[in-house]
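Enquirer: Sequence:
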Amino acid sequence: MNRTEALLQLRPKIKTIKQHLNTADVEQFQNDTLRPILKFQHDILLALFNACLSHNKVLFKELTTEEKETKITQLFQKDLSFKNQSLGAVLGMLTLEEYRTYSKESSAYNRRIITMLKQRIMSTY
Numbered sequence: 002m003n004r005t006e007a008l009l010q011l012r013p014k015i016k017t018i019k020q021h022l023n024t025a026d027v028e029q030f031q032n033d034t035l036r037p038i039l040k041f042q043h044d045i046l047l048a049l050f051n052a053c054l055s056h057n058k059v060l061f062k063e064l065t066t067e068e069k070e071t072k073i074t075q076l077f078q079k080d081l082s083f084k085n086q087s088l089g090a091v092l093g094m095l096t097l098e099e100y101r102t103y104s105k106e107s108s109a110y111n112r113r114i115i116t117m118l119k120q121r122i123m124s125t126y
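Throughout, our numbering is defined as the position within the sequence shown, counted from one, plus 1.
Calculated from the structure, these hints are not laboratory results. We put the beta carbon where it would ideally sit given N, CA and C, even for glycine. Worth double-checking, as some hints may not be accurate.
Straight-line Cα separation of at most 20 Å, SDA-like style, residue types lysine to any residue; simulated pairs [said to hold, decoys possible]:
| # | residue 1 | residue 2 |
| --- | --- | --- |
| 1 | K40 | K105 |
| 2 | K72 | N57 |
| 3 | K119 | H56 |
| 4 | K72 | L54 |
Simulated restraints on C-beta separations [stated by the list, open to error]:
| # | residue 1 | residue 2 | range |
| --- | --- | --- | --- |
| 5 | E63 | Y100 | 38 to 44 Å |
| 6 | R101 | T66 | 35 to 41 Å |
| 7 | N3 | E68 | 45 to 51 Å |
| 8 | E67 | K40 | 25 to 31 Å |
| 9 | H43 | S82 | 19 to 25 Å |
| 10 | K58 | N3 | 22 to 28 Å |
| 11 | R12 | S108 | 30 to 36 Å |
| 12 | S124 | S55 | 17 to 23 Å |
| 13 | S108 | D44 | 24 to 30 Å |
| 14 | N57 | L9 | 21 to 27 Å |
| 15 | Q75 | S124 | 16 to 22 Å |
| 16 | Q10 | R112 | 27 to 33 Å |
Given these sequences and hints, build the entire structure.
Expert: Put into structure tokens, the structure is as follows:
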């Protein structure tokens, strides 16, 4: 089994994703590739977030929902180490072909990854 097959086999299947004929390529990549990776990497991404909270001495559980959303956004903007580690945890799970797709529009995909990650963090806490 090669790396590509192994990575694809590890990813969970997400049933709620519906394919539409007019879905943009970026959205298709998000649904077919990024969402399953985020689901698979959920535990490590939360561990990175908790380490970031600890490092920045944030008492996250004491914040209101609105304050949590603001704090998550601030952490992604100001703590570049956390942001880059989070992106790395996702990008490391891409196949070579997927990485080539990602690299063509990395800024757009990074925004989508961070947005989905923020949503995952909020739904967990």
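Enquirer: Do N3 and E68 keep their Cβ atoms within the hinted range of 45 to 51 Å?
Expert: Cβ of N3 to Cβ of E68: about 46 Å, so the range 45 to 51 Å holds.
Enquirer: Is the gap between the beta carbons of E67 and K40 within 25 to 31 Å?
Expert: holds (26 Å)
Enquirer: Please test the hint of 27 to 33 Å on the beta carbon pair from Q10 and R112.
Expert: holds (28 Å)
Enquirer: Does 21 to 27 Å hold as the CB distance between N57 and L9, or does it fail?
Expert: Between N57 and L9, where Cβ atoms are some 36 Å apart, the hint is violated.
Enquirer: Just to be careful, I want the Cα atoms of K40 and K105 compared with a cutoff of 20 Å; is the pair within it?
Expert: Distance of about 23 Å is beyond 20 Å: violated.
Enquirer: Is the straight-line distance between the alpha-carbon of K72 and that of L54 20 Å or less?
Expert: Roughly 10 Å between the alpha carbons, so the hint for K72 and L54 holds.
Enquirer: For the pair supplied as a hint, K72 and N57, is the alpha-carbon distance within the 20 Å limit?
Expert: holds (11 Å)
Enquirer: Honestly, do K58 and N3 meet the 22 to 28 Å range at C-beta?
Expert: violated (44 Å)
Enquirer: With 16 to 22 Å as the target window, see if Q75 and S124 comply at their CB atoms.
Expert: holds (19 Å)
Enquirer: For the pair E63 and Y100, does the Cβ-Cβ distance stay inside 38 to 44 Å?
Expert: Given range 38 to 44 Å: holds, Cβ gap about 39 Å.
Enquirer: Quick check on a hinted range of 24 to 30 Å for S108 and D44, using CB atoms only.
Expert: With a Cβ separation near 27 Å, S108 and D44 satisfy 24 to 30 Å, so the hint holds.
Enquirer: Would you say the C-beta atoms of R101 and T66 sit inside 35 to 41 Å of each other?
Expert: Taking Cβ atoms as reference, R101 and T66 lie about 39 Å apart, which means the hint holds.
This entry does not satisfy hints 1, 10, 11 and 14, going by the numbered hints stated previously.
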